[in-house]
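Following the hints, complete the assembly by docking chain B onto the known chain A.
Residue numbers (this note's numbering), protein chains in the order written: chain A, 1273 to 1440; chain B, 1273 to 1440.
Among the clues, some could well be false.
Selected chain A positions facing chain B (Cβ under 7 Å, derived; list incomplete) [said to hold, decoys possible]:
| id | residue |
| --- | --- |
| 1 | C1304 |
| 2 | K1388 |
| 3 | D1390 |
| 4 | F1391 |
| 5 | L1407 |
| 6 | S1409 |
| 7 | G1412 |
| 8 | W1416 |
| 9 | S1420 |
Quick caveat, the hints were computed from the structure, so don't treat them as lab data.
Since the structure is predicted, the reported quantities are computational estimates derived from the model, not experimental observations.
Just so it is clear, CB atoms sit at the ideal spot from N, CA and C, and this is done for glycine as well.
Protein chains: 2
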Amino acid sequence: MRKSMRLDGFHPRENEMSIAFQDVYAEKFSHCYGCGRNNPAGHHLKSHWDGDDTVARVLPDAKYSGGVPDHVYGGLIASLFDCHGAASAAAFSYRAEGREMGSAGEPIRYVTASLKVDFHKPTPMGTELVIKGRLRSIEGRKVWVELSLTAAGQVCASAEMLAIRFKE
Amino acid sequence: MRKSMRLDGFHPRENEMSIAFQDVYAEKFSHCYGCGRNNPAGHHLKSHWDGDDTVARVLPDAKYSGGVPDHVYGGLIASLFDCHGAASAAAFSYRAEGREMGSAGEPIRYVTASLKVDFHKPTPMGTELVIKGRLRSIEGRKVWVELSLTAAGQVCASAEMLAIRFKE
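So that you can see chain A by itself, here it is in the shape it has in the complex:
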């Protein structure tokens, strides 16, 4: 188990033994500020399997506050959903094809077509945020993903994503 990372004031929890989805992205598509391992300034969000669902865990630094210092700002919440959702879409697609993520063959990568975030209650600062993804459906190049963000046992936000399989 690796120690928690601290990067740009952001703290992904590196508590999963498996390789993260983002760790097997192709080199040239790994520059995302939210989750790319090749972006030295970014958040380096890491997404993993959690049974049939997916999970990412982060502990945001206090600077990522909303209007009041006690709560996480909405833009970060949307960012976490965006990166985790697109990574989850790729993972669901690999699994649907019976492949391991990053296995030999055509790489699978998704981009976000739409993301609808519902903010149910303020997201508290200073506690781990657990972002989960669940597959709703795969239809051709489209994947629909349902997302939730939980803090201290409370679902503070949820989201729906439509991701489109990237074609070079």
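Relative to chain A, chain B alone:
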């Protein structure tokens, strides 16, 4: 006219003569990482009137890339919509009541209830992004705002926001 700010690698264009909406937020609600003047680490997004619509302009630093270095990452786009949309909701509400923003009386502040972002095409890096807001409707404490993000004359993303008037 003030010079462009450079903060945390983010470049709001300070090209408006008027005071920004965020400049009149109450002190204790001005800590947002995306747009709060009291958050020294944040982006300091500034929103202004543009006729009956609203506008914010930014030039993101190259580090805010998506999967490929040429494009802006989706999380930043969602963040810009979130901060500009909530600020616009407050501005529309002040105007509907015939008040100047930040005028004496009860302060008006909105929080995001839902934000749906549609990504139409990749948002290019290295060019100014123009985020516009338009009032769709005000019903009691609810304000619906339509948002767009334009780069180099192309609408790259759009969004719909439902904002709720904050009650202490």
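Notebook entry, point to check: Against the structure shown, which of the earlier numbered hints fail to hold, in ascending order?
Noted result: Result: hints 5, 6, 7, 8, 9 break, sorted rising.
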